[in-house]
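Trainee: Residues per chain, in single letters:
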Amino acid sequence: MLKFLLRRLANYVLLVVIATSLAYLLAASTLDPRANYEGRSPRPPEAVVDARLSELNLNDKVPLIQRFGTWAGDVVTGDFGRTWEGNSVNQEITRRVGVTLRLLVLGVLLGSVLGVFAGAYAAVKQYGWFDHGATLVSFLILSIPTVVIAVLLQIAAVAFNEATGTRFFQYTGEYTPGLQGGLLTHLGDRLQHLVLPTLTLALSQIAVYSRYQRNMMLDVMNADFVRTARAKGLTRRAALVRHALRTALIPAVTYFAFTFGALLVGTTFTEKIYGWHGMGELLVNSIYSNDVNSVAAVSCFAAVAVLIAALLSDVLHAALDPRVRVG
Amino acid sequence: MSIAAGRAPVLEVSDLNVTFGSGTDAVRAVRGVDYSIAPGEVLGIVGESGSGKSVTSLAVMGLLPDDARVSGSVRLHGQELIGRRDKEMTRLRGKAISMVFQDPLSALTPVYTVGDQIAEAVRIHQDVSRDKAARRAVELLDLVGIPSPEQRARAFPHEFSGGMRQRAMIAMAIANDPDVIICDEPTTALDVTIQAQVLEVLKTAQTETGAGIVMITHDLGVVAGFVDRVLVMYAGRPVEKGLVDDVYYRPRMPYTMGLLGSIPRLDTGDREPLVPIEGNPPSMSALPPGCPFEPRCPLSIPECEAGEPPLIPVPGEGHSAACIRTQTIENRGLTPRDVFKAGPAGAVARGDRAGRPTVLMVDRLVKHYPLMKGAVFKRRVGTVHAVDGVSFDIREGETLGLVGESGSGKTTTLMEILRLAPPQSGRVVVLGRDTAKLGRNDRMAIRRDMQVVFQDPLASLDPRLTVQDILAEPLTTHGLEVGSRVRELLGLVGLDASFASRYPQEFSGGQRQRIGIARALALEPRLIVLDEPVSALDVSIQAGVINLLESLKIRLGLSYLFVAHDLAVVRHIAERVAVMYLGWIAEIGAVRDVYDTPAHPYTQSLLSAIPLPDPRKERERRRILLEGDLPSPADPPRGCRFHTRCPKFKSLPEAQRALCVDQEPELRPLGGDQAAACHYAERLEVV
Ligand SMILES: Nc1ncnc2c1ncn2[C@@H]1O[C@H](COP(=O)(O)OP(=O)(O)O)[C@@H](O)[C@H]1O
Ligand code: SF4
Ligand code: SF4
Ligand SMILES: [Mg+2]
Numbered sequence: 001m002l003k004f005l006l007r008r009l010a011n012y013v014l015l016v017v018i019a020t021s022l023a024y025l026l027a028a029s030t031l032d033p034r035a036n037y038e039g040r041s042p043r044p045p046e047a048v049v050d051a052r053l054s055e056l057n058l059n060d061k062v063p064l065i066q067r068f069g070t071w072a073g074d075v076v077t078g079d080f081g082r083t084w085e086g087n088s089v090n091q092e093i094t095r096r097v098g099v100t101l102r103l104l105v106l107g108v109l110l111g112s113v114l115g116v117f118a119g120a121y122a123a124v125k126q127y128g129w130f131d132h133g134a135t136l137v138s139f140l141i142l143s144i145p146t147v148v149i150a151v152l153l154q155i156a157a158v159a160f161n162e163a164t165g166t167r168f169f170q171y172t173g174e175y176t177p178g179l180q181g182g183l184l185t186h187l188g189d190r191l192q193h194l195v196l197p198t199l200t201l202a203l204s205q206i207a208v209y210s211r212y213q214r215n216m217m218l219d220v221m222n223a224d225f226v227r228t229a230r231a232k233g234l235t236r237r238a239a240l241v242r243h244a245l246r247t248a249l250i251p252a253v254t255y256f257a258f259t260f261g262a263l264l265v266g267t268t269f270t271e272k273i274y275g276w277h278g279m280g281e282l283l284v285n286s287i288y289s290n291d292v293n294s295v296a297a298v299s300c301f302a303a304v305a306v307l308i309a310a311l312l313s314d315v316l317h318a319a320l321d322p323r324v325r326v327g
Numbered sequence: 001m002s003i004a005a006g007r008a009p010v011l012e013v014s015d016l017n018v019t020f021g022s023g024t025d026a027v028r029a030v031r032g033v034d035y036s037i038a039p040g041e042v043l044g045i046v047g048e049s050g051s052g053k054s055v056t057s058l059a060v061m062g063l064l065p066d067d068a069r070v071s072g073s074v075r076l077h078g079q080e081l082i083g084r085r086d087k088e089m090t091r092l093r094g095k096a097i098s099m100v101f102q103d104p105l106s107a108l109t110p111v112y113t114v115g116d117q118i119a120e121a122v123r124i125h126q127d128v129s130r131d132k133a134a135r136r137a138v139e140l141l142d143l144v145g146i147p148s149p150e151q152r153a154r155a156f157p158h159e160f161s162g163g164m165r166q167r168a169m170i171a172m173a174i175a176n177d178p179d180v181i182i183c184d185e186p187t188t189a190l191d192v193t194i195q196a197q198v199l200e201v202l203k204t205a206q207t208e209t210g211a212g213i214v215m216i217t218h219d220l221g222v223v224a225g226f227v228d229r230v231l232v233m234y235a236g237r238p239v240e241k242g243l244v245d246d247v248y249y250r251p252r253m254p255y256t257m258g259l260l261g262s263i264p265r266l267d268t269g270d271r272e273p274l275v276p277i278e279g280n281p282p283s284m285s286a287l288p289p290g291c292p293f294e295p296r297c298p299l300s301i302p303e304c305e306a307g308e309p310p311l312i313p314v315p316g317e318g319h320s321a322a323c324i325r326t327q328t329i330e331n332r333g334l335t336p337r338d339v340f341k342a343g344p345a346g347a348v349a350r351g352d353r354a355g356r357p358t359v360l361m362v363d364r365l366v367k368h369y370p371l372m373k374g375a376v377f378k379r380r381v382g383t384v385h386a387v388d389g390v391s392f393d394i395r396e397g398e399t400l401g402l403v404g405e406s407g408s409g410k411t412t413t414l415m416e417i418l419r420l421a422p423p424q425s426g427r428v429v430v431l432g433r434d435t436a437k438l439g440r441n442d443r444m445a446i447r448r449d450m451q452v453v454f455q456d457p458l459a460s461l462d463p464r465l466t467v468q469d470i471l472a473e474p475l476t477t478h479g480l481e482v483g484s485r486v487r488e489l490l491g492l493v494g495l496d497a498s499f500a501s502r503y504p505q506e507f508s509g510g511q512r513q514r515i516g517i518a519r520a521l522a523l524e525p526r527l528i529v530l531d532e533p534v535s536a537l538d539v540s541i542q543a544g545v546i547n548l549l550e551s552l553k554i555r556l557g558l559s560y561l562f563v564a565h566d567l568a569v570v571r572h573i574a575e576r577v578a579v580m581y582l583g584w585i586a587e588i589g590a591v592r593d594v595y596d597t598p599a600h601p602y603t604q605s606l607l608s609a610i611p612l613p614d615p616r617k618e619r620e621r622r623r624i625l626l627e628g629d630l631p632s633p634a635d636p637p638r639g640c641r642f643h644t645r646c647p648k649f650k651s652l653p654e655a656q657r658a659l660c661v662d663q664e665p666e667l668r669p670l671g672g673d674q675a676a677a678c679h680y681a682e683r684l685e686v687v
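Residue numbers (full-length UniProt numbering), protein chains in the order written: chain A, 1 to 327; chain B, 1 to 687.
Rather than coming from a laboratory, the hints here were simulated on the basis of the structure. Note that the Cβ used here is the ideal one computed from N, Cα and C, for glycine as well. Watch out, some of these pointers could steer you wrong.
Reference listing, derived: stretches of chain A covered by chain B, where coverage requires no fewer than 3 residues with Cβ under 8 Å from a Cβ of chain B [said to hold, decoys possible]:
#1 227-236
#2 244-251
#3 312-323
This is chain A alone, in the form it adopts within the complex:
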C-alpha cells in the first residue's frame, strides 16, 4: 500500500513540475514587465531598464529558454525569484499562504462534511420537504457564480448589521486594523471576518457534495447488504449510517480530488472580493503588474495544493475501501 502511494506521489510530483514550468513559460512569454517602466514619467533610459530587468531575470531580450533555465535553477534551490519591484517572491508567499490555507481548509472541511450529511439526509428522506428544498437550493447555488454569491452575502450581511444595529459580520480584510483588546478580542474579530468568505466557499461545495452524495446514497440504500443489516436487527437509522452511508462515502472521497480545482478558483475570487491578502489576490495582482515570477509561484502553489488533495483522496479511498487496500 505504501509503495502504491509513493508511486502515486512520484507521479504527482512530476505533474507539479510540468504544470509549474508550463505556467512560467506561459507567463514569461505573454506578460510584459518592461511595460511597467515604460509607463513611468520620466521614462527611465532603456539601458537602466534592461539592467534592472536582467537583474530580476525578467528581461524579454534574454532568450526565453535562458530565462527559464535561470528561474528553474533558482526554484530547485527553493527560491522563486523576485517580484518586478525587486522584493522576494518567497517572502510574499510566506506571508500570504496561511491566509489562503485558512480559507481553503475551512471551506473544504465545512463544505464536504455538511454537503455529505445534507446529501445523505436528503436521500434518506427522498421526496420529502428537506430533499426538495435541498435540491432547489443546491441548483440555485450551483447556477450562480462564486463572485455573485460573495457579493450577495455581503449585501445580506450589511442588511443584517443595519437591521440589528451591530457590526456582527465583517466583510473586508482578515481583521480590524488597530483593534484594542486582549487575545480573545482579536480571535473573535478574526472569526467575525472569517465567516463570510468561508461561507462563500463552503456554500458551493455543500451544493456540489450534497447532490453527489444524495445520488450515491440512493444507489446504496436499497442494496442487498443494507437489507441484510436490517434483517440482523439493526434499526433503520443504524443500518443506513453504519452500512449504507459508510459505503457511499467511498465515491465521495474520490470525488474530492476533482472538486478541489474548482474550489481554488473560487478562493481567488473570494479573496479579491473580501479584501483578503492571500494567494488568489496575489495571482490577480501579479497578472495586472506583469509579475512573471509571482504568477509562476502561485501556479506552483496551486499545483501542490491539488497534488495534496489528490494524495489525500487516495489515502482516504484506501482507508475506506478494503477492496483497494488489499488488491
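We have chain A; now place chain B with the ligands onto it with these hints.
Mentor: Relative to the frame of chain A, chain B with the ligands by itself:
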C-alpha cells in the same frame, strides 16, 4: 417430519396479502398466503420468479418498502407481528426470525470484515463484549465449515468465494439462535458441489438451533430431500400444499405437475423428454378473473375462467390444491407427462461417430493469462492457467456438453474457439479449417457457419433496436437478403411473428433466449456454440428452451458445443460430455457411459451432488461431498490437479497417494466411448 407433529407452531402466516402501489397499476404481489411451521420443521416454498416468494418473506420480516400495503396475520409464538412498530420488529429480527438472502455477493457489506459483520449480529441482541462477540463469530464460522476461521474472520467479503459468503450469511442468521430461519433461494447461482455443501450446512444449522426453516426455491429438485412440507405458489397465491411425498408423488395441481416435469433428471433410466410449461406467469397488476394458471394450463376447461379456484383438500394429510379438476386428475391417475406436451426425446447419436465428419476439433489447447497486480503500474505476478491442454472433437449432428464448476475454464475454451486465431499452443480446427492458417475472408466464412448463443444474448445489444433489426443484422452484415427471413426465424424458435416490431426489454428471459437462438440461426450455421444458454432461466422455462434446441438440432442437422455447469441439463441435450476441472479435462465420453458409470472421482462427486426431485431417493442418498472451493488457477496443485479435493485420494493408502501428487494423469480410455484422467479411475454408479 415426525418431530413436527403435535407441536405448537412457531410461525403462523394466515391470509397474508401484499399490494404495491394503488389504483389501476397496483401490483398484488401476494394474495392470501397461509402457512405455519413447527420448531424443527422445514417448509419449502416453491414457484417461478415473480410468484411472490420473496415478498412473502420480507412481509414476515417487516422489511418491505414503505409503499407496500400488508394485510392479514403473521404470528410468532402466537404474537401478532403485522402492524407492529418498526422498533419492536427490530428486536425480533435476527433474534427470533432471521433470514438468509439469495445473492451472497451483494448481501454482505463490502467495507467490513466478515467476522465484524457476524459479531455485529451477535452484539445487537446479546450484551457481550467486543472480544467475546468476535470469538463467537469465529466459532460460528467454524460451525458453518469455513476452514481456519480465526484468519478468515478477518477477511473482507470480496475475498470470499460465493459458497463461503453464503456460509457466512448462514453463520450470521444463526448467531442468536433464532426460532425461525427464512432462506430465500440460498443456493441459486451456486455450483452444484457448493450447493450440496450449503444445504449440508443448513442442516447443521437446523440441528444446532432447532429452528423452523422456510426454504424458498424455484427448483423443486433442490429441496426434495430437505423439506418436510411444500407450499407451491403461483401468481402470489398458494396453489398446492402438503407433505413433501404427497406433493412430489401425487401432485394434484397442474402447475405443480409442470414444475416437476420440467426438471431435468439424472435418475430416470433413459433420457426422457422434458415437459416445459409454455407461456409466462401473468402480470400481477391485471389478473384475469379465473384461475391464474388457465392460459398455460393444458387441462383447462371453460369453467376455469369463471372464478379463482380456492384451495380444496385432496387425499393426503394436509394436502390441498387450488384447481377445479383435481378429481379428474385423481380418477385418471394423470402424471406430469400425461398433462403436459413432452418435447422430443433426447436424440441419441445416430450410427457410428467415426463415420461422420468432424465439425470442431480442439487439440491440446492452451490459454494462459498473465496475472497482473497494481492499479496504476501493472506488473505481472504470475500466470493463470485458464486452459491447460484441452482436447476434444465434435462430429456432425452431435452435441458435446462441456461441464465443470465456474472457474474451470469452460468459457475461456469457448472464447479461444470463437476467436478464430492461432492459439498460444495447440490446435483448433473449425469445420475442417485450422485457425492458425486463416485469412480475413476465411474467417468471415467460418463466422457464418459457426454461431454463438450467450447466457443473456440481448444484454449486450442496443436496447433501441427492435427484434426485426436484431435478427436482420447478421443477414445484412453478410450481404444477404432479409425479406421474410425474420418471420421464418421467429417461427422456427416458436415466437409469434408480431414480436418483430418489439424491443428486447419487453420480453421475458425465456423469450429473449429464443430471440438469441433465432439470431444465431439467421445465417444457417452448421455449428452453434452455446455458453450457459439456460442457466439464468427458471426451471420451467429452461425446459422449453432445451426442447427447442433439441428439435432444432434434429430438424436443421446442427452440431452444438454446449457449455453449462448443470450436469442434469447436459444429460438431456448432449450425446457426449467433457468434464473440465481447473483448465483440463477430467473425463470425456458418451453421456450414457459417463453418467451411468462415471470413472473420475470428480465426475462422481459432481453427479452425486445433483439433487434428485424425488424425496425418498434423496433422503436415502449418500453424497460424495467435495470439500472446499476450486483452487486458484494461478497456482494449480502439482501432479493430479484434483488431489487437494479428491475423495478417492483421501481413502487411498499412503503409498498409492504419491502417484497422484507427483504425476499428472493422462486421459486413459476405459472401453466404450469413455476416458478419464485419473490414475485410479474406476467406474462407479453414483446416482
Ligand atoms: N418494491 C416493489 N414494488 C413493486 N412491485 C414489487 C416490489 N417488490 C416485488 N414486487 C413485485 O412482486 C411480485 C413478486 O415478487 P417476488 O416476491 O420477488 O417473487 P419471487 O421471490 O417469487 O421471485 C413481482 O411481480 C414483483 O415485480
Ligand atoms: S383450475 Fe383449470 S386452469 Fe386452473 S389449474 Fe385447474 S384445470 Fe388448470
Ligand atoms: S489421480 Fe489420484 S487425486 Fe487425481 S483424481 Fe485420481 S485418485 Fe484422485
Ligand atoms: Mg425471490
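Trainee: For every hint, state whether the structure bears it out.
Mentor: Taking the hints in turn, this is what the structure says about them:
no. : hint    : verdict
1   : 227-236 : holds (count 10)
2   : 244-251 : holds (count 3)
3   : 312-323 : holds (count 4)
Hint check: no violations occur; every hint is consistent with the structure.
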